[in-house]
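K.L.:
Sequences are here, hints too, so could you generate the full structure?
There are 2 protein chains.
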Amino acid sequence: MSHTFFAKHESTLSKALNAIQTRGYWSLFNEMPSPRAYGETAAGDGEAAFKATLNSYFEIGQPGTEGEVGKEVSPFGLQLSIKYPRANLETLLDAASAALKDWRRAGPQAWVGISLEIIERLNASSFEIAHSVMHTTGQAFMMAFQAGGPHAQDRALEAVAYAWNQLKDIPATAYWEKPQGNGSPLTMEKHFSVVPRGIGLVIGCCTFPTWNSYPGLFADLATGNVVVVKPHPAAILPLAITVRIARKVLSEAGFDPNIVTLLATDPGDGDFMQKLVVRPDVKIIDFTGSTSNGAWIEEHARQAQIYTEKAGVNQIVIDSVEDMKIVARNIAFSLSLYSGQMCTAPQNIYVPRDGIPTANGRISFDEVAASLRDAVETLLGDPAKAVELTGAIQNVGILERIESARALGKLVLDSKVLTHPLFPDAVVRTPLIAKLDVSDAATYLNEWFGPVSFIVATDSTHHSLALASRTAASKGALTLSVYSTDKSVIDEAIEASIDGQVALSINLTGGVFVNQSAAFSDFHATGGNPAANASLTDPAFVANRFRVVQRRQHIAQRAQVPV
Amino acid sequence: MSHTFFAKHESTLSKALNAIQTRGYWSLFNEMPSPRAYGETAAGDGEAAFKATLNSYFEIGQPGTEGEVGKEVSPFGLQLSIKYPRANLETLLDAASAALKDWRRAGPQAWVGISLEIIERLNASSFEIAHSVMHTTGQAFMMAFQAGGPHAQDRALEAVAYAWNQLKDIPATAYWEKPQGNGSPLTMEKHFSVVPRGIGLVIGCCTFPTWNSYPGLFADLATGNVVVVKPHPAAILPLAITVRIARKVLSEAGFDPNIVTLLATDPGDGDFMQKLVVRPDVKIIDFTGSTSNGAWIEEHARQAQIYTEKAGVNQIVIDSVEDMKIVARNIAFSLSLYSGQMCTAPQNIYVPRDGIPTANGRISFDEVAASLRDAVETLLGDPAKAVELTGAIQNVGILERIESARALGKLVLDSKVLTHPLFPDAVVRTPLIAKLDVSDAATYLNEWFGPVSFIVATDSTHHSLALASRTAASKGALTLSVYSTDKSVIDEAIEASIDGQVALSINLTGGVFVNQSAAFSDFHATGGNPAANASLTDPAFVANRFRVVQRRQHIAQRAQVPV
Chain A
22 MSHTFFAKHE STLSKALNAI QTRGYWSLFN EMPSPRAYGE TAAGDGEAAF KATLNSYFEI
82 GQPGTEGEVG KEVSPFGLQL SIKYPRANLE TLLDAASAAL KDWRRAGPQA WVGISLEIIE
142 RLNASSFEIA HSVMHTTGQA FMMAFQAGGP HAQDRALEAV AYAWNQLKDI PATAYWEKPQ
202 GNGSPLTMEK HFSVVPRGIG LVIGCCTFPT WNSYPGLFAD LATGNVVVVK PHPAAILPLA
262 ITVRIARKVL SEAGFDPNIV TLLATDPGDG DFMQKLVVRP DVKIIDFTGS TSNGAWIEEH
322 ARQAQIYTEK AGVNQIVIDS VEDMKIVARN IAFSLSLYSG QMCTAPQNIY VPRDGIPTAN
382 GRISFDEVAA SLRDAVETLL GDPAKAVELT GAIQNVGILE RIESARALGK LVLDSKVLTH
442 PLFPDAVVRT PLIAKLDVSD AATYLNEWFG PVSFIVATDS THHSLALASR TAASKGALTL
502 SVYSTDKSVI DEAIEASIDG QVALSINLTG GVFVNQSAAF SDFHATGGNP AANASLTDPA
562 FVANRFRVVQ RRQHIAQRAQ VPV
Chain B
22 MSHTFFAKHE STLSKALNAI QTRGYWSLFN EMPSPRAYGE TAAGDGEAAF KATLNSYFEI
82 GQPGTEGEVG KEVSPFGLQL SIKYPRANLE TLLDAASAAL KDWRRAGPQA WVGISLEIIE
142 RLNASSFEIA HSVMHTTGQA FMMAFQAGGP HAQDRALEAV AYAWNQLKDI PATAYWEKPQ
202 GNGSPLTMEK HFSVVPRGIG LVIGCCTFPT WNSYPGLFAD LATGNVVVVK PHPAAILPLA
262 ITVRIARKVL SEAGFDPNIV TLLATDPGDG DFMQKLVVRP DVKIIDFTGS TSNGAWIEEH
322 ARQAQIYTEK AGVNQIVIDS VEDMKIVARN IAFSLSLYSG QMCTAPQNIY VPRDGIPTAN
382 GRISFDEVAA SLRDAVETLL GDPAKAVELT GAIQNVGILE RIESARALGK LVLDSKVLTH
442 PLFPDAVVRT PLIAKLDVSD AATYLNEWFG PVSFIVATDS THHSLALASR TAASKGALTL
502 SVYSTDKSVI DEAIEASIDG QVALSINLTG GVFVNQSAAF SDFHATGGNP AANASLTDPA
562 FVANRFRVVQ RRQHIAQRAQ VPV
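Respectively, the protein sequence lines represent chains A and B. So the first sequence is residues 22 to 584, counted in this note's numbering. So the second sequence is residues 22 to 584, counted in this note's numbering.
Just so you know, not all the hints are guaranteed correct.
One side of the interface only, derived from the structure: several residues of chain A facing chain B at Cβ under 8 Å [unchecked claim]:
| no. | residue |
| --- | --- |
| 1 | G45 |
| 2 | Y46 |
| 3 | A193 |
| 4 | W197 |
| 5 | K199 |
| 6 | M209 |
| 7 | N528 |
| 8 | G531 |
| 9 | G532 |
| 10 | D559 |
| 11 | R568 |
| 12 | V569 |
| 13 | V570 |
No wet-lab data here; the hints were simulated from the structure. We treat Cβ as the ideally placed atom computed from N, Cα and C, and that holds for glycine.
P.N.:
Put into structure tokens, the structure is as follows:
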């Protein structure tokens with residue numbers, strides 16, 4: 022059965038292997054929610070499946086359930102009232118451990134084949150997942166579909182491809198023959214078993230519950246580990262659907278479905294989590310969330326392999342441009358997309374205080390700021406269209422952050438409240454842009470997650486790049502963007518990005534935005550600065566999730582004791 | 022120049038790549054110290070080079086030298102009196118950081134090519150290194166030559182091969198073209214830079230200063246890091262010679278020799294080390310040594326990637342044999358080789374208290390013990406031959422351990438003092454074997470590093486295997502050995518080794534011994550139990566020593582801003 026799935030997906034796997042070694046554009050899954058790609062009834066069926074989960078109990082069928090949890094709130098104001106099983110932790114982890122032994126024995130082809138089958142089934146449920154992502158994260162539908170569905174599935178496939186790329190190079194057996202001068206050679210038969218670490222814990226976030234969790238989930242599964250999926254209390258549904266699909270495939274393949282389990286919790290689960298992550302039986306932790314929680318795990322969970330993505334300060338350096346309007350349009354989109362609630366969204370925009378050269382002559386710092394303000398206002402001018410870009414605000418902390426930013430004064434552009442034409446109770450806010458001086462480091466060197474950005478006046482572009490590099494290295498960053506028509510500045514920016522170990526985007530003016538990270542091509546985070554200790558996805562992300570245990574014996578004894 | 026070295030060694034590299042994927046027998050370097058392999062004058066030249074270092078100052082030519090260190094003592098009684106530069110740590114690390122930038126820029130082919138050239142030069146100095154290993158570790162000459170020379174060089178080459186196997190799969194550039202329905206596609210040019218972590222610190226041990234340090238040293242170098250080599254105060258010379266050779270090759274290749282530096286210290290450097298390993302600029306640590314020091318580093322050096330090999334409790338399970346004499350001969354060799362001062366040497370031998378079946382009928386527990394005693398006494402019967410097997414005792418702690426073991430009573434075989442025919446002051450001890458009951462766990466579950474082993478009476482082989490597995494998982498182990506003529510017992514032993522994540526040797530009766538770990542074929546440590554958090558060598562050992570930093574821009578702007 023498992024080998025059936027491996028054979029079924031082998032050509033996909035070889036395409037994916039080629040993609041991770043060339044890292045050009047490749048995607049297995051169609052990002053357009055079109056009937057042509059997903060079938061005439063997919064959209065309706067998916068929405069119906071989502072609606073069927075509302076105001077009801079989400080059955081997982083896993084052991085150790087003791088009552089219910091579930092306090093998700095839709096940022097669009099839709100009433101969810103979904104209940105999930107409250108797991109007895111001991112029972113759940115015992116079940117996971119019990120499932121481990123057969124799963125461990127199944128071997129790499131089974132792990133990879135079943136992982137790929139699960140991903141395919143997830144793709145078929147992309148519409149249901151899209152609605153669940155939309156109404157937990159506040160993403161507009163199109164983004165919820167793309168980032169929560171096909172793009173997340175591509176990231177999952179990418180992780181499986183990296184895992185297989187390591188696993189396939191480990192020989193199952195070896196014949197060892199060592200010459201002994203004139204005597205007969207020493208000969209041995211050796212076997213190499215890939216052995217998983219054990220229980221992997223995947224801790225999701227509230228903004229990209231699937232996109233950020235799938236790489237760890239599937240890297241664990243594809244290397245033979247069992248996985249406990251622990252969603253953020255505010256975004257349980259997308260991962261609950263994921264776990265249910267995974268369990269169904271595992272059962273069909275003849276395995277214990279407890280290889281993948283759900284650990285749903287209610288808000289205020291901090292103490293519970295602090296006890297969970299240091300358990301000796303938790304061998305791998307994939308975490309996406311706040312710097313404080315991520316740092317706590319890195320500091321205390323010494324028994325586990327830890328992969329974290331935390332917060333950072335993303336930056337744009339503007340040195341010189343051909344046409345500020347075109348540059349501003351691109352940046353405005355990045356600031357507005359999902360109201361800046363992306364870990365890749367830019368926050369600090371460094372501009373020399375004496376302005377920048379353009380093809381039409383020099384423009385002042387304030388003219389650069391005004392251009393950015395105008396671009397955002399133009400982009401979001403029509404509320405009906407704007408909400409499809411901004412989506413809604415995920416949580417009240419972000420609203421409070423907007424208030425704090427407003428209190429700073431120096432506003433270039435204030436955040437506005439928009440009314441969503443379809444969801445009157447949706448909490449929609451447009452970007453706030455403030456003007457700061459480089460001396461205001463205490464403000465702009467912290468992460469202001471949400472629709473808050475700062476245009477910071479620096480002494481020079483050289484100054485801007487040094488600041489950007491230092492900030493990436495010390496505070497962490499997932500993205501750095503530079504605008505310059507001067508090759509020497511670009512070269513300096515490249516050095517700055519290497520020193521800060523942060524991905525660099527150069528002169529983005531077209532249809533690509535700094536927030537975007539494409540599976541199979543863009544490495545998401547370098548793992549080399551405080552924003553993340555791992556990269557999505559590279560060999561280091563998978564290679565330590567398993568070990569190799571060997572055995573050897575003299576060939577002569579093979580007849581006597583077959584192994 | 023660097024590419025010259027890469028081209029020069031490319032065929033060796035491809036053979037090594039094939040070897041790590043097949044893991045049969047392969048060795049680049051001849052393990053026999055023969056004129057045919059190393060040249061007529063090699064032996065004499067090497068000994069002369071070694072003798073020239075005695076009673077003198079070992080010049081490295083690195084910055085920041087403040088006086089001298091050096092208190093090495095030859096276990097064979099030879100007077101060494103070698104002095105080494107005492108480094109000013111700040112100056113040394115500043116020099117290493119200064120060397121990093123050009124080295125980082127040189128790129129994978131330069132890193133790998135120069136690493137391979139250094140390894141080749143080390144091989145040419147195998148005789149000098151052999152004498153230096155012999156007179157610091159106490160290894161007999163043949164072992165010092167093989168383990169300290171060619172075998173260590175093979176392990177170095179293996180690490181470089183694993184590094185290159187990862188590096189070669191990272192594309193330098195990518196062309197990204199994303200279809201846009203009917204519109205013209207989005208196109209981008211992407212560049213991927215391999216970026217080293219920074220300063221790697223390699224901490225050597227006093228028994229295998231080259232064999233255990235080369236993998237980390239060359240894994241660092243081959244991935245673009247700079248390396249500070251910190252030998253054990255009792256075994257500085259082998260690594261000092263290594264560093265001097267590395268610096269010479271680096272200079273010839275046109276690089277700053279401070280890419281590799283020596284940090285020699287005197288005994289009692291504990292406080293100094295505790296400050297060193299937590300420095301923010303130390304990004305990678307490779308450690309071989311005691312569990313207490315290794316655990317301290319794992320606990321405190323949160324800023325670094327850490328690869329440790331610590332202590333463990335290696336075990337042999339005897340269930341049933343064809344001929345106990347043949348089995349005993351193999352085990353006796355493992356107990357006697359380098360007086361049990363190998364991290365892979367067996368310590369606990371589990372035998373059912375009611376004896377074991379053989380081809381000639383059942384023999385009692387005491388008969389098994391007597392057989393092992395007789396085998397050791399026969400093997401070491403001729404002192405002149407014995408010392409070439411046992412070598413000398415590296416440090417006084419091991420002598421004290423022999424005393425403590427003797428005080429336990431229950432001796433099957435007492436440790437004897439042997440006089441070395443060539444080195445009258447050599448400290449030579451034969452193995453001590455004591456008989457214990459499984460209830461004496463407080464004794465045999467600790468590591469007794471040195472020529473001390475225990476024959477432990479268990480309730481049954483099933484009991485023995487459960488104990489062995491549990492002990493490997495909880496105390497750590499590098500080796501597990503089983504003797505049985507029963508396939509079901511072998512299968513149980515395989516499960517036990519997988520549960521304990523320890524390498525298993527089955528029915529070793531010929532010319533292979535459980536202590537031996539062959540480069541390119543045997544994984545040394547699994548990294549899955551407390552004896553070590555890493556394996557020599559696998560992808561996980563190299564994949565996190567570097568990061569990838571990417572940059573991207575629209576193709577359209579290529580003409581405008583060439584990158």
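K.L.:
Flag every earlier hint the structure violates by its number, smallest first.
P.N.:
3
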